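Q: Below are the chains, spelled out letter by letter.
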Amino acid sequence: MKSTVPVSEQQREDGAQLPEGPREEAWGRTPAPEGAQRHASDDAPGLPRHDLSAHAEGTRWLGMVLGLAAWTMFFVSLTFAVGWYRMREPWPPLPFSPLLLAAPGLFLVAGSVVLHRSRRSAPLRRLVTALVLGGGFVAMQAGLTHVAWWNHQLRIPQDGVPASAYYGLTGLHVLHVLAVLAGVFLSAVRLWRGTEVRDAVRRHAPGWHFVTAMWLLLFLAVYLP
Amino acid sequence: MSLFSSDHKAVARRYLWSGLGFLLLGGVLALLIRWQWALPGQPVPGLAWALPESHGALTPPSYTAVFTMHGLIMIFFAVTPLLFGALGHFVLPLAIGARGLAFPRLSALGYQVYAVGGVLVLASFGVRLGPASAGWTAYPPLSTPAFTPGLGQTLVTVAVLCAAASAFLYGLNFVVTVVRCRAPGMTWGRLPLTVWGLFFASVLNVLFVPVLAAATALLLMDRLLGTQFFIAGAAAVGGGGDPVVYQHLFWLFGHPEVYILILPAWGMVGDFVAFFSRRPAHGYRLTAGAMGAVTALSGLVYAHHLFTSGMSPLLGRAFMVLTLIISLPAQVMFLNWLMTLWRGSVRLTSPMLAALGTMVVFGLGGITGLALGAVATDVPLHGTLWVVGHFHLTMGAASFLAVFAGLYFWFPKMYGRAMHEGLAKAHVLSSAVLFLGVFGGQLAAGYAGQLRRLYDPYQYTYLKHLLALNQWTTVFAFLLGAVQVLFVVNLVWTLRRGRAAEQNPWEVGTLEWTSALSPPPEGNFATVPVVLRGPHALSQPEVLERLGRDWIGQAEPLPEPASSEADDALGSVSTVGGAT
Numbered sequence: 001m002k003s004t005v006p007v008s009e010q011q012r013e014d015g016a017q018l019p020e021g022p023r024e025e026a027w028g029r030t031p032a033p034e035g036a037q038r039h040a041s042d043d044a045p046g047l048p049r050h051d052l053s054a055h056a057e058g059t060r061w062l063g064m065v066l067g068l069a070a071w072t073m074f075f076v077s078l079t080f081a082v083g084w085y086r087m088r089e090p091w092p093p094l095p096f097s098p099l100l101l102a103a104p105g106l107f108l109v110a111g112s113v114v115l116h117r118s119r120r121s122a123p124l125r126r127l128v129t130a131l132v133l134g135g136g137f138v139a140m141q142a143g144l145t146h147v148a149w150w151n152h153q154l155r156i157p158q159d160g161v162p163a164s165a166y167y168g169l170t171g172l173h174v175l176h177v178l179a180v181l182a183g184v185f186l187s188a189v190r191l192w193r194g195t196e197v198r199d200a201v202r203r204h205a206p207g208w209h210f211v212t213a214m215w216l217l218l219f220l221a222v223y224l225p
Numbered sequence: 001m002s003l004f005s006s007d008h009k010a011v012a013r014r015y016l017w018s019g020l021g022f023l024l025l026g027g028v029l030a031l032l033i034r035w036q037w038a039l040p041g042q043p044v045p046g047l048a049w050a051l052p053e054s055h056g057a058l059t060p061p062s063y064t065a066v067f068t069m070h071g072l073i074m075i076f077f078a079v080t081p082l083l084f085g086a087l088g089h090f091v092l093p094l095a096i097g098a099r100g101l102a103f104p105r106l107s108a109l110g111y112q113v114y115a116v117g118g119v120l121v122l123a124s125f126g127v128r129l130g131p132a133s134a135g136w137t138a139y140p141p142l143s144t145p146a147f148t149p150g151l152g153q154t155l156v157t158v159a160v161l162c163a164a165a166s167a168f169l170y171g172l173n174f175v176v177t178v179v180r181c182r183a184p185g186m187t188w189g190r191l192p193l194t195v196w197g198l199f200f201a202s203v204l205n206v207l208f209v210p211v212l213a214a215a216t217a218l219l220l221m222d223r224l225l226g227t228q229f230f231i232a233g234a235a236a237v238g239g240g241g242d243p244v245v246y247q248h249l250f251w252l253f254g255h256p257e258v259y260i261l262i263l264p265a266w267g268m269v270g271d272f273v274a275f276f277s278r279r280p281a282h283g284y285r286l287t288a289g290a291m292g293a294v295t296a297l298s299g300l301v302y303a304h305h306l307f308t309s310g311m312s313p314l315l316g317r318a319f320m321v322l323t324l325i326i327s328l329p330a331q332v333m334f335l336n337w338l339m340t341l342w343r344g345s346v347r348l349t350s351p352m353l354a355a356l357g358t359m360v361v362f363g364l365g366g367i368t369g370l371a372l373g374a375v376a377t378d379v380p381l382h383g384t385l386w387v388v389g390h391f392h393l394t395m396g397a398a399s400f401l402a403v404f405a406g407l408y409f410w411f412p413k414m415y416g417r418a419m420h421e422g423l424a425k426a427h428v429l430s431s432a433v434l435f436l437g438v439f440g441g442q443l444a445a446g447y448a449g450q451l452r453r454l455y456d457p458y459q460y461t462y463l464k465h466l467l468a469l470n471q472w473t474t475v476f477a478f479l480l481g482a483v484q485v486l487f488v489v490n491l492v493w494t495l496r497r498g499r500a501a502e503q504n505p506w507e508v509g510t511l512e513w514t515s516a517l518s519p520p521p522e523g524n525f526a527t528v529p530v531v532l533r534g535p536h537a538l539s540q541p542e543v544l545e546r547l548g549r550d551w552i553g554q555a556e557p558l559p560e561p562a563s564s565e566a567d568d569a570l571g572s573v574s575t576v577g578g579a580t
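Taken in sequence, the protein lines are chains A and B. Every letter in the first sequence is one number past the one before it in my numbering, and letter 113, counting from 1, is 113. Every letter in the second sequence is one number past the one before it in my numbering, and letter 204, counting from 1, is 204.
The hints are simulated quantities; they were obtained by calculation from the structure and are not laboratory data. Since this is a predicted model, take the numbers as computed values, not measurements. Heads up, the beta-carbon is just placed ideally off N, CA and C, and yes, glycines get one too. A hint or two may mislead.
[As the list claims (entries may be wrong)] Listing some non-contacts, in silico: residues in chain B with all C-beta distances to chain A over 12 Å: (1) 60; (2) 420; (3) 501.
[Stated by the list, open to error] Quick look at which bits of chain A chain B covers, simulated, 3 or more residues with Cβ under 8 Å: (4) 53–65; (5) 73–80; (6) 83–97; (7) 161–173.
[Claimed, not checked] Computed beta-carbon distance windows for the label pairs: (8) 190(A) / 233(B): 50 to 58 Å; (9) 58(A) / 447(B): 51 to 59 Å; (10) 112(B) / 143(A): 34 to 42 Å; (11) 151(B) / 103(A): 37 to 45 Å; (12) 123(B) / 152(A): 36 to 44 Å; (13) 109(A) / 521(B): 48 to 56 Å.
Starting from the given sequences, assemble the full structure and let the hints guide the process.
A: Next up, the structure:
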């Protein structure tokens with residue numbers, strides 16, 4: 001609709017109806033023409049029906065990326081705490097060589113690559129490979145903490161903050177890895193049953209990249225002397 | 001109403017009832033604190049069943065538990081859930097023309113997690129050694145097992161983690177909903193200010209709640225797994241941790257939390273002042289921008305809570321400057337509200353009175369906060385009741401009044417019934433006045449040097465003369481508790497026998513009132529509205545002329561004038577425009 005009544009500058013600033021010219025765009029897409037009414041079952045305003053699933057998928061994607069980006073603050077906060085202690089006094093080396101401590105991370109990096117390649121097509125083989133790599137990471141972390149506790153006598157509370165940080169932060173990170181693995185596992189099961197999981201895998205990949213990046217943060221903050 | 005429905009309106013109602021329940025519990029605990037300061041060590045009538053050994057008098061441990069649980073319940077389980085869980089869930093999708101939240105199941109899950117937290121809080125009252133007793137901030141080493149060994153502190157710590165998870169989930173949901181689910185034509189410049197407030201506050205929730213989760217996770221590991229992150233001194237082995245780390249993490253969340261609680265309130269005040277002055281919000285974009293500026297700065301000021309923790313004077317100075325700077329955008333908003341009111345046709349409805357009350361108490365809270373933002377004045381005032389009075393005015397009274405402003409405004413939309421306007425006005429007016437009495441008394445006692453958590457302040461000679469002041473403050477607090485009966489009576493009566501609400505009782509143009517039924521059906525709108533204008537198109541000359549009323553719906557087309565009338569209208573409106 002095109003109004004013939006001019007609107008003062010004050011009214012424009014106050015949100016009054018703009019009578020002429022194109023209306024502002026809503027998040028990069030042109031608003032539906034005036035009078036266009038949507039059906040009660042529509043989910044995404046302003047889009048043709050064939051774009052609805054793409055819009056919904058885009059919404060899920062945004063939510064997931066935003067959530068992971070925000071959750072980075074969780075690990076940054078943990079790193080801040082460890083950084084505080086490291087500034088206070090020397091950080092003793094853990095009873096393993098840094099190379100050995102870095103080894104589990106390679107599993108995560110490899111898993112990231114595999115899932116990245118699975119984004120376009122998600123054959124079951126790739127998902128299983130990712131699961132095996134993730135399982136390998138968890139097993140290695142469990143093995144290292146086990147050996148540190150029993151063979152090298154790195155104990156809490158006796159060994160103070162460094163031991164607390166090693167066990168505590170490793171555990172918190174592994175919990176996140178397990179959550180990502182659970183998602184990949186469910187997708188693998190659904191794919192095995194013949195369901196399309198491309199979009200789901202596309203959403204799991206950033207989760208995997210996230211835990212990989214957070215592992216790197218952990219490695220720099222806790223594992224390196 | 002299904003307990004498991006994921007419809008945003010059903011979730012909102014669940015949060016509403018739970019939040020009101022916790023508000024009642026937190027309020028009762030507040031009255032117990034006030035009783036102790038007016039009549040230290042005297043038995044509380046009716047409390048002997050809970051404290052039989054002291055015949056109902058608060059003992060030092062029970063007093064510690066009471067003030068801890070009061071703060072914690074009010075912030076995590078009452079005010080935040082009422083603002084976001086109830087009002088936010090209900091209003092946000094309706095106000096932007098969406099059929100629901102972006103992730104409905106996430107929103108239902110958020111409530112369930114919050115409910116688990118609530119159950120844990122209630123359960124903590126029944127365990128041996130009682131509930132949490134380390135203050136609402138749960139500072140270590142007090143909150144470590146070395147000083148608070150009972151199960152109650154652990155249960156409450158897990159409960160806080162649940163509340164944090166719930167806040168993260170609805171924060172994320174709100175941000176994505178505003179970004180992705182707006183109706184056609186609902187541009188950023190046409191969002192109601194309430195939505196802006198909720199949006200910015202949700203951004204803060206998403207960013208800073210994980211920091212609280214990290215601090216709480218480390219604390220839980222100290223309590224349950226024997227780690228040493230925060231245990232120091234004689235209780236520690238192997239060098240020990242550092243409790244100050246927790247304080248930094250907590251306040252990195254805690255200060256944005258202040259804005260999480262007040263941003264939605266500011267948004268509502270901005271809208272209501274415009275609606276009930278029958279004028280467009282003055283400087284709409286500036287107000288939204290000021291809220292954005294506060295949001296951006298809110299994470300950079302947290303360390304003013306730690307001026308006395310031994311931080312570097314250089315850091316102290318930097319945080320002081322940032323803290324004082326954040327008051328500038330707040331003043332911009334305040335001036336815009338005043339300019340909106342200026343020469344407006346002010347209607348003193350109950351939401352408007354509550355909004356004006358919010359402005360007053362928040363203004364006073366903000367001014368008294370300046371003394372805490374500057375290092376030189378913060379050092380003597382730190383830990384006194386001045387701090388308590390200040391943050392109760394900003395986070396407590398302002399948020400409380402904003403909750404009731406929103407509740408009175410949207411109640412007809414939520415339940416399709418109109419509340420009694422006289423009772424509602426009496427409730428918000430008396431609450432606002434009594435808030436000033438209670439927290440003004442605390443400010444005065446704090447200025448006189450009364451420390452905030454003393455069990456019996458009058459054991460100190462220099463505080464003995466404050467007994468009368470504290471007793472008067474307690475009288476105001478009990479009156480404040482008593483006037484809440486007005487709301488309860490109004491609520492019960494309205495739900496049982498209240499008259500059916502009109503379709504648009506406040507005569508405003510936002511989508512929830514002009515495009516949806518009351519209460520809205522599942523899916524909210526029969527057809528998704530196409531938004532044509534901003535939320536405050538009030539008293540527009542062409543609308544007055546063509547529709548004969550001073551408001552128009554955001555999605556309501558303005559009828560074309562007849563061609564001969566158009567020329568006349570053009571001339572008259574141009575004249576009015578020129579005159580303004």
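Q: Evaluate each hint against the coordinates.
A: Do the hints match the structure? See the list:
Listed as outside the interface, residue 60(B) is consistent with that label: its C-beta sits roughly 29 Å from the nearest C-beta of chain A, beyond the 12 Å cut-off. At the 12 Å boundary, the C-beta of residue 420(B) stays outside the reach of chain A, the nearest C-beta of that chain being 33 Å off. With a least beta-carbon separation of about 23 Å from chain A, residue 501(B) lies farther than 12 Å from that chain, consistent with its non-interface assignment. With 6 residues having a Cβ less than 8 Å from any Cβ of chain B, the stretch 53–65 of chain A passes the three-residue criterion, so the hint holds.
Under the rule that three or more residues need a Cβ within less than 8 Å of chain B, the assignment of the stretch 73–80 of chain A holds, with 6 such residues. Coverage of the stretch 83–97 of chain A by chain B holds in this model, with 4 residues showing a Cβ closer than 8 Å to a Cβ of that chain against a need of three. With a threshold of 8 Å between beta carbons, the proposed coverage of the stretch 161–173 of chain A by chain B holds, since 7 of its residues qualify and at least three are required. Between residue 190(A) and residue 233(B) the Cβ separation comes to about 53 Å, which falls inside the hinted range of 50 to 58 Å.
Judged by the Cβ atoms, the range 51 to 59 Å given for residue 58(A) and residue 447(B) holds: they are separated by roughly 55 Å. Distance hint check for residue 112(B) and residue 143(A): the Cβ-Cβ separation is about 36 Å, which falls inside the suggested range of 34 to 42 Å. Taking 37 to 45 Å as the suggested C-beta distance range, the pair residue 151(B) and residue 103(A) conforms, at roughly 40 Å. Between residue 123(B) and residue 152(A) the CB atoms are about 40 Å apart, so this pair conforms to the stated range of 36 to 44 Å.
Between residue 109(A) and residue 521(B) the Cβ separation comes to about 51 Å, which falls inside the hinted range of 48 to 56 Å.
Of the numbered hints stated above, none is contradicted by the structure.
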